[in-house]
Amino acid sequence: MKTWIAFWSILLKDMKNYYLKPPNISWGIIFPFAWTLMFFLKTQNPIDIREILPGVMAMSILFGTTSMLAVTITFERRSRSFERLLMAPISLNTLMLAKTTGAIVFGVINAFVPVVFAAFMTDLSGVNWVTTIGGVFLIAVTSTFLGLFIAVSVSEVFEAQTFSNFFRFPMVFLCGLFIPVQTLPAFLQPLSYALPLTYGADILKTSINSSGFIQPLLSFSLLAGYGLVLFGFSLKNIKNKWIH
Amino acid sequence: MHILEVSHLTKRYNNFTAVNNISFNILKGELFGFLGPNGSGKTTTINMLTGLAKITSGSIKLLEFDYPHEIKKAQQIIGIVPDESNLYEELDGFGNLCFCASLYGMEKTTREERARQLLGEFDLIGAGNKPFKSYSKGMKRKLTIAAGIIHEPKVLFLDEPTTGIDVASARRIRQLIKKLNKNGTTVFLTTHYIEEAENLCHRVAFIVKGEIIKIGTVSELIQEAQQESIVQFTLAGGADRLQQALREKKPAIFNIEVLSDTVLRVNTPQLISLSPYIKLFEENNLTLYEAKIIRPSLEEVFVKITGIEAEHMKKDREGRKK
Ligand SMILES: Nc1ncnc2c1ncn2[C@@H]1O[C@H](COP(=O)(O)OP(=O)(O)OP(=O)(O)O)[C@@H](O)[C@H]1O
Ligand SMILES: [Mg+2]
Numbered sequence: 005m006k007t008w009i010a011f012w013s014i015l016l017k018d019m020k021n022y023y024l025k026p027p028n029i030s031w032g033i034i035f036p037f038a039w040t041l042m043f044f045l046k047t048q049n050p051i052d053i054r055e056i057l058p059g060v061m062a063m064s065i066l067f068g069t070t071s072m073l074a075v076t077i078t079f080e081r082r083s084r085s086f087e088r089l090l091m092a093p094i095s096l097n098t099l100m101l102a103k104t105t106g107a108i109v110f111g112v113i114n115a116f117v118p119v120v121f122a123a124f125m126t127d128l129s130g131v132n133w134v135t136t137i138g139g140v141f142l143i144a145v146t147s148t149f150l151g152l153f154i155a156v157s158v159s160e161v162f163e164a165q166t167f168s169n170f171f172r173f174p175m176v177f178l179c180g181l182f183i184p185v186q187t188l189p190a191f192l193q194p195l196s197y198a199l200p201l202t203y204g205a206d207i208l209k210t211s212i213n214s215s216g217f218i219q220p221l222l223s224f225s226l227l228a229g230y231g232l233v234l235f236g237f238s239l240k241n242i243k244n245k246w247i248h
Numbered sequence: 150m151h152i153l154e155v156s157h158l159t160k161r162y163n164n165f166t167a168v169n170n171i172s173f174n175i176l177k178g179e180l181f182g183f184l185g186p187n188g189s190g191k192t193t194t195i196n197m198l199t200g201l202a203k204i205t206s207g208s209i210k211l212l213e214f215d216y217p218h219e220i221k222k223a224q225q226i227i228g229i230v231p232d233e234s235n236l237y238e239e240l241d242g243f244g245n246l247c248f249c250a251s252l253y254g255m256e257k258t259t260r261e262e263r264a265r266q267l268l269g270e271f272d273l274i275g276a277g278n279k280p281f282k283s284y285s286k287g288m289k290r291k292l293t294i295a296a297g298i299i300h301e302p303k304v305l306f307l308d309e310p311t312t313g314i315d316v317a318s319a320r321r322i323r324q325l326i327k328k329l330n331k332n333g334t335t336v337f338l339t340t341h342y343i344e345e346a347e348n349l350c351h352r353v354a355f356i357v358k359g360e361i362i363k364i365g366t367v368s369e370l371i372q373e374a375q376q377e378s379i380v381q382f383t384l385a386g387g388a389d390r391l392q393q394a395l396r397e398k399k400p401a402i403f404n405i406e407v408l409s410d411t412v413l414r415v416n417t418p419q420l421i422s423l424s425p426y427i428k429l430f431e432e433n434n435l436t437l438y439e440a441k442i443i444r445p446s447l448e449e450v451f452v453k454i455t456g457i458e459a460e461h462m463k464k465d466r467e468g469r470k471k
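Protein chains in written order, with the working numbering: chain A, 5 to 248; chain B, 150 to 471.
Mixed in with the good hints there might be a few duds.
If you only want the chain A side, here are some residues facing chain B, beta carbon under 8 angstroms, derived [said to hold, decoys possible]:
1) MET5
2) LYS6
3) MET91
4) ASN97
5) THR98
6) GLY130
7) ASN213
8) SER214
9) SER215
10) ILE218
11) LYS245
12) ILE247
13) HIS248
Some chain A residues well away from chain B (every beta-carbon gap over 12 angstroms; in silico) [what the hints assert, rightly or not]:
14) ILE9
15) GLY59
16) TYR197
Keeping only pairs whose Cα atoms sit at most 27 angstroms apart, straight-line, the calculated DSSO-like set for lysine-lysine is [what the hints assert, rightly or not]:
17) LYS358/B x LYS331/B
18) LYS6/A x LYS203/B
19) LYS6/A x LYS221/B
In short, the hints are calculated from the structure, not lab data.
C-beta atoms are modelled at their ideal positions from N, C-alpha and C, and glycine is treated no differently.
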């Protein structure tokens, strides 16, 4: 019970202080909006919009979550307020879940911004919403934990931003969202299969356009696996590096 | 009853030993001070005691909880006031207090009530709805202390609670610490202000270069260092004449110091009886207004034991704080 009070309070504070602040709200809306617009302008007919939707959704999640973690964790660590959390009587697991849940929710919301736009412009019937929501959630979890992993590996906000881009941009091009994995040069393909976003993107492609090629169940398990490993690794890093 | 037992505690960063094999106990209800210059290992010790730094070797036991595996249980009953305020700049005073309370699992109504009460006790009522970043240094420190005690901890750790703030705020903070301690909170504080340790603490440990070199109550420490007595006489005048007379009649006196025509100081081995002096005054027709024994201050004791000048400690720190 006590743990839950702390958990909620950390989550709500982050939401109020960071996620719901105008710059972040606008980032969360403008970014997917810009991407959506860019691709929609390039495509001519409604079918193409649906084609591009999984990619835009996945990117919104990836960018939304990873940039948030750089703020909520790296920034608080710089200002030393993070120490207050480390000295509180809550387990590191609970603490880090509380710090990341906000980003996960933020990522999920970001994913549905392009869906709302698309709904006005094209017919979304036949989409498997249950799988889509599941996929969005898991992509959000995995990219949040990737952001966490980055945030605990650096000490400055700008380093976190730079380091995330180091992961994000190659990931966007290698995960099969815009260039199908099968058409990538053979030497790049193993790299694609090592990236969690490849599986997340494939889930969305399957659920929205039935155009994925990996068993969704396999993708779900792999994504969950990535999430667990990244979270575990980050926790270990925090224990070693932040509690000197 | 010991509330905290520290034994052979050591902290090493790579090859550098920040805290070297220190042992001490703190009694329930005690106000215990760690007095030492910059870099002597005060913060490092607090960090280990509060779970923010790993222990290299040695043991810590707080009430029945052994570190490090029961640290989370211990954290439930300790309060921490770090050397630099680490509250949330963008939250207001009330919000900061409520947030800190929630970390200890306090329910909404309880924590809001307690936050209001503390804002009142710490003269911060008007500042309760202002963002923390707009606070003055003294206000920040007070709110940080309030945040440290919001969950009514059994043991409170304060790292240099009065450093870097003005004299009046520092005095107010000392009063608040004293009151907390009177109401039953055990307090561990670090300081490099000797007067602070002397006026506030029941027991003091001198820490230098990571080692405790002396530990005891303020009066024990002073007595131990006291190898001579100083008596100061205040006369209506004629201190020179008294000096002359003393030279002739009191060979056991170490030293006579005439501070002015009316004030004279005498150093003697051990305590002296005043009665022989009275006769001397009458014989020489001198009027005595006051005779008082000057005890050495903790400062002199500290300098004697550590060889570190008090002034040096102050300047060092204040220079760094800028
Ligand atoms: N994380 C760290 N890594 C390496 N050395 C450290 C670390 N933290 C502290 N030290 C070193 O340990 C020594 C003790 O530092 P500590 O902060 O405990 O001193 P202090 O008594 O609190 O000093 P001050 O009065 O300046 O606050 C210093 O020499 C410091 O440089
Ligand atoms: Mg210190």
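(request) Could you work out which earlier hints the structure fails to respect and list their numbers in ascending sequence? (result) 4, 5, 6, 7, 8, 9, 10, 11, 14, 17
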